[in-house]
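There are 4 protein chains.
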Amino acid sequence: MENILIHYLDHPKLHEPIFVQGLPGIGNVGKLAAEHLKDELKAVKFAEIYSKFFPPQVLVMDDGLIRLVQNELYYVKRDGGRDLVLLVGDYQGLTPDGQYELADFVLKELKALGVRNLYTLGGYGMGRMVTKPRVLGAATDAKLVKEMEGHGVVFARGEPGAGIVGASGLLLGLGKLNDMHAVCLMGETSGYFVDPKSAQAVLEVLTKILDIKIDFAELENRAKQIDQITSKLREVEGPPEDRDKQDLGYIG
Amino acid sequence: MENILIHYLDHPKLHEPIFVQGLPGIGNVGKLAAEHLKDELKAVKFAEIYSKFFPPQVLVMDDGLIRLVQNELYYVKRDGGRDLVLLVGDYQGLTPDGQYELADFVLKELKALGVRNLYTLGGYGMGRMVTKPRVLGAATDAKLVKEMEGHGVVFARGEPGAGIVGASGLLLGLGKLNDMHAVCLMGETSGYFVDPKSAQAVLEVLTKILDIKIDFAELENRAKQIDQITSKLREVEGPPEDRDKQDLGYIG
Amino acid sequence: MENILIHYLDHPKLHEPIFVQGLPGIGNVGKLAAEHLKDELKAVKFAEIYSKFFPPQVLVMDDGLIRLVQNELYYVKRDGGRDLVLLVGDYQGLTPDGQYELADFVLKELKALGVRNLYTLGGYGMGRMVTKPRVLGAATDAKLVKEMEGHGVVFARGEPGAGIVGASGLLLGLGKLNDMHAVCLMGETSGYFVDPKSAQAVLEVLTKILDIKIDFAELENRAKQIDQITSKLREVEGPPEDRDKQDLGYIG
Amino acid sequence: MENILIHYLDHPKLHEPIFVQGLPGIGNVGKLAAEHLKDELKAVKFAEIYSKFFPPQVLVMDDGLIRLVQNELYYVKRDGGRDLVLLVGDYQGLTPDGQYELADFVLKELKALGVRNLYTLGGYGMGRMVTKPRVLGAATDAKLVKEMEGHGVVFARGEPGAGIVGASGLLLGLGKLNDMHAVCLMGETSGYFVDPKSAQAVLEVLTKILDIKIDFAELENRAKQIDQITSKLREVEGPPEDRDKQDLGYIG
Numbered sequence: 001m002e003n004i005l006i007h008y009l010d011h012p013k014l015h016e017p018i019f020v021q022g023l024p025g026i027g028n029v030g031k032l033a034a035e036h037l038k039d040e041l042k043a044v045k046f047a048e049i050y051s052k053f054f055p056p057q058v059l060v061m062d063d064g065l066i067r068l069v070q071n072e073l074y075y076v077k078r079d080g081g082r083d084l085v086l087l088v089g090d091y092q093g094l095t096p097d098g099q100y101e102l103a104d105f106v107l108k109e110l111k112a113l114g115v116r117n118l119y120t121l122g123g124y125g126m127g128r129m130v131t132k133p134r135v136l137g138a139a140t141d142a143k144l145v146k147e148m149e150g151h152g153v154v155f156a157r158g159e160p161g162a163g164i165v166g167a168s169g170l171l172l173g174l175g176k177l178n179d180m181h182a183v184c185l186m187g188e189t190s191g192y193f194v195d196p197k198s199a200q201a202v203l204e205v206l207t208k209i210l211d212i213k214i215d216f217a218e219l220e221n222r223a224k225q226i227d228q229i230t231s232k233l234r235e236v237e238g239p240p241e242d243r244d245k246q247d248l249g250y251i252g
Numbered sequence: 001m002e003n004i005l006i007h008y009l010d011h012p013k014l015h016e017p018i019f020v021q022g023l024p025g026i027g028n029v030g031k032l033a034a035e036h037l038k039d040e041l042k043a044v045k046f047a048e049i050y051s052k053f054f055p056p057q058v059l060v061m062d063d064g065l066i067r068l069v070q071n072e073l074y075y076v077k078r079d080g081g082r083d084l085v086l087l088v089g090d091y092q093g094l095t096p097d098g099q100y101e102l103a104d105f106v107l108k109e110l111k112a113l114g115v116r117n118l119y120t121l122g123g124y125g126m127g128r129m130v131t132k133p134r135v136l137g138a139a140t141d142a143k144l145v146k147e148m149e150g151h152g153v154v155f156a157r158g159e160p161g162a163g164i165v166g167a168s169g170l171l172l173g174l175g176k177l178n179d180m181h182a183v184c185l186m187g188e189t190s191g192y193f194v195d196p197k198s199a200q201a202v203l204e205v206l207t208k209i210l211d212i213k214i215d216f217a218e219l220e221n222r223a224k225q226i227d228q229i230t231s232k233l234r235e236v237e238g239p240p241e242d243r244d245k246q247d248l249g250y251i252g
Numbered sequence: 001m002e003n004i005l006i007h008y009l010d011h012p013k014l015h016e017p018i019f020v021q022g023l024p025g026i027g028n029v030g031k032l033a034a035e036h037l038k039d040e041l042k043a044v045k046f047a048e049i050y051s052k053f054f055p056p057q058v059l060v061m062d063d064g065l066i067r068l069v070q071n072e073l074y075y076v077k078r079d080g081g082r083d084l085v086l087l088v089g090d091y092q093g094l095t096p097d098g099q100y101e102l103a104d105f106v107l108k109e110l111k112a113l114g115v116r117n118l119y120t121l122g123g124y125g126m127g128r129m130v131t132k133p134r135v136l137g138a139a140t141d142a143k144l145v146k147e148m149e150g151h152g153v154v155f156a157r158g159e160p161g162a163g164i165v166g167a168s169g170l171l172l173g174l175g176k177l178n179d180m181h182a183v184c185l186m187g188e189t190s191g192y193f194v195d196p197k198s199a200q201a202v203l204e205v206l207t208k209i210l211d212i213k214i215d216f217a218e219l220e221n222r223a224k225q226i227d228q229i230t231s232k233l234r235e236v237e238g239p240p241e242d243r244d245k246q247d248l249g250y251i252g
Numbered sequence: 001m002e003n004i005l006i007h008y009l010d011h012p013k014l015h016e017p018i019f020v021q022g023l024p025g026i027g028n029v030g031k032l033a034a035e036h037l038k039d040e041l042k043a044v045k046f047a048e049i050y051s052k053f054f055p056p057q058v059l060v061m062d063d064g065l066i067r068l069v070q071n072e073l074y075y076v077k078r079d080g081g082r083d084l085v086l087l088v089g090d091y092q093g094l095t096p097d098g099q100y101e102l103a104d105f106v107l108k109e110l111k112a113l114g115v116r117n118l119y120t121l122g123g124y125g126m127g128r129m130v131t132k133p134r135v136l137g138a139a140t141d142a143k144l145v146k147e148m149e150g151h152g153v154v155f156a157r158g159e160p161g162a163g164i165v166g167a168s169g170l171l172l173g174l175g176k177l178n179d180m181h182a183v184c185l186m187g188e189t190s191g192y193f194v195d196p197k198s199a200q201a202v203l204e205v206l207t208k209i210l211d212i213k214i215d216f217a218e219l220e221n222r223a224k225q226i227d228q229i230t231s232k233l234r235e236v237e238g239p240p241e242d243r244d245k246q247d248l249g250y251i252g
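Chains as they are written, first to last, in the working numbering: chain F, 1 to 252; chain P, 1 to 252; chain U, 1 to 252; chain D, 1 to 252.
Derived from the structure by calculation, the hints contain no laboratory data. A couple of the hints might just be wrong.
It does not matter which identical chain is meant; a pair holds if it fits inside one copy or across any two.
[Unchecked claim] Computed cross-link-like contacts, DSS-like style, restricted to lysine-lysine with a CA-CA straight-line distance of at most 30 Å:
| id | residue 1 | residue 2 |
| --- | --- | --- |
| 1 | K45 | K108 |
| 2 | K224 | K111 |
| 3 | K45 | K176 |
| 4 | K232 | K176 |
| 5 | K111 | K132 |
Looking at chain F on its own, in the form it has when it is part of the complex (with noise of 0.2 Å):
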């Protein structure tokens, strides 16, 4: 079986299509901000991404139907601009060489439509409640740095300390090396919860530089809804089969 396989179901023509990424990670912010962006934009599902470095898992929609855990890419055509192109998913690479396989098959994917331009979207825990959370940046290029910060993007000394772990950091550092020109936006957050307030903040960033305008009414429900599946996700006794392993087997 290949590592990562994708299934177009269309392949559109698009405009120097700009790119945004959206996956779990500290309060969701940045799935709950992709998924939400792609909703109110009636975005287009064109292809599903599975791989052996998600779970090996299907999740069970209300009708009874399953499907496989994957990672979707949408398109949004845009009359008199350029076009759009969103990932979002149920799951980041489960392992670091699955997190680099993936990062590195979806910028092939991209050069191929034709992107030079990333937006990865993603939060910034601060364990501590956050009352005006402020979106803080980081990019492959100085003159993108400069333009980030006309849009009101922070990019403080020393924020992240850590860097940018996951999907979101690699795209823009697998993507540096791929000549893209990539910005991670990240959304000031506890971290305790899926965030809609922090989700906002980053979307009211990105639909300026994008020159978008969308609704935020739906972005509260989206996130109960999202944050129902988590929980549901982690609760112990739910998920059936789970455990063989400490059930049966031996090895840690």
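Position chains P, U and D relative to chain F; hints supplied.
Chains P, U and D only, in chain F's frame:
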């Protein structure tokens, strides 16, 4: 060494075979149900599957002979009906990517055997005692959901909330990508011990679907046997050499 | 880099050689027994095995020289009898798939050397002090079971209940698939320390089988040496750089 | 994606170059020593090494720009003496096999650069405060041991008892198999913090060996910088997205 090896003892010609899988998992419901079915139908073993994704372990039989841990394929010929292929085994894959590899491998073998319909059996952990276990379902097609509901299978909104983890789920998820029609039947169980009542509930549904009659008298004995094996595998003092890493190694 | 490297120092021509393996494990019974046998028989090293599945570690000898952790093959020429091939080493493979790869690799080398008969030595952890250790057995053939019983080896129903984990078991399991005739001899041991009494019990059986006479006077000294090395490997403060991940890494 | 990538910024012609490595480890002694040497000698970076075996992480510089975590190669040209190649970096490989792959990769690059002599620098954790750190040694050749002893390096029987774990050890172990002449210099350190005194002890020996004069005034400042970075990497609340697995995943 290949990641997965299959040794065919026989190459049966099967008539539109239906596949049934039950491997170790929550309450060992799936394993118990599938092994009971296998024994009651006097199914014939025709292949053994070995893999690096299983523990590096041999089991010692009562006669002092060893056998490598494995999964096994059995067939059942049925006059005037569709034949059956059963998969039972000692373990599921130990790692996420191992789970994907094994499910993909099994699907390819099933395709070659002419299988198009899959039933995977498992337990649904409730974290509390269950007196009258329901059988929950998940499927790849809306038509199958309806058909299963006719057999008393429960498709409850939000159950299982965390989806299905492991081989039972993956065979549906990857099966769907391979045009298989698949159902997962999950018996409610506490999750604290091998559960013959839950296995019986699952088998009552499955045998109705397959139009088979079996006896359940031996089910409790079989549960006790599996329970004994499971406890032994859990004993800390028992197994020789499984603590090499703690004893001599420095890596977690 | 290859997963496993073998460096041949010599290519001995061996007469129907019999293989004996003893690696680190419960009570280090197998390792102690095999190293004692090797020393008493003045066995000659003819190959070194290195692998990515071992820890990334060198040992420092008393003269300040290093050597990479390894497994080693020795031979013993016997006038008028069958020759011996011994495998001893610092570690077993760290991961399940590494264990499979190493066992498969060793079996292929043994086949090339003309080996058909294997003896693997190990300990059987009792979790309590053992005053007169029995030697338990497991084998690939019914004929071997009978033969071993003649030498006082105990084949006890349900012992070892969890099977045999690690190299000693895998060589039997994979060996059987490769038409090898193999026996695992396990000396009862508490499992709490290196156990020369258990190693002697195993060697008394093995030397009867092989029709060899060796002295056991040095066995206790050897146990002390292995115990010292083992304790050092366990010292938390001792080893340089083995805590890099905790110190600087963020991944578990 | 390749397991390991190297980007050459320059292809220097070097005169019988001597290699020096210092990576993160116990007390960060090796990293601190090598980075100090690099800065004092105004070494020139000529290659960057990226790898799937490092964490999936980018670091954010003070100017808001990111760089993928990496190891780096520097050179120093010396009039009338042998040139130097230095390896420094953010991380060692995360897994045992990653450690082997990286060491093997580096050795092949070094061979191509004409390197035959290696010095790896590290700390030797004492688990207690050390007022006058000794420098312990290990080497691939008896001749080197003698030479090092002439420079005050201590080769103490049974120290380090557990051998040398990680890149510093592997370069010696795999280097020996590749006909390299290699020494590991380990400064005694408590292991509880970044230790400039231990790094100075190591550098005093190394500079005598290499016949180099450097200033140590900046060493304490550099230790503070590394300590700050290290603490940040350890902060639980700090890093965004490094807790994805705990948050949303079900696998340990």
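Status of each hint after checking the structure:
Taking the shortest alpha-carbon separations for K45 and K108, both the intra-copy value of 18 Å and the inter-copy value of 28 Å come in at or below 30 Å. Taking the shortest Cα distances, K224 and K111 never come within 30 Å of each other, neither inside one copy (35 Å) nor across copies (42 Å). In the homo-oligomer, the alpha carbons of K45 and K176 lie at most 30 Å apart both inside one protomer (27 Å) and across protomers (18 Å), since each shortest distance falls under that limit. Only between protomers do K232 and K176 lie at most 30 Å apart by alpha-carbon distance; the minimum there is 24 Å, versus 37 Å within a single protomer.
Taking identical chains as interchangeable, the C-alpha atoms of K111 and K132 are never at most 30 Å apart, the minima being 36 Å within one chain and 55 Å between chains.
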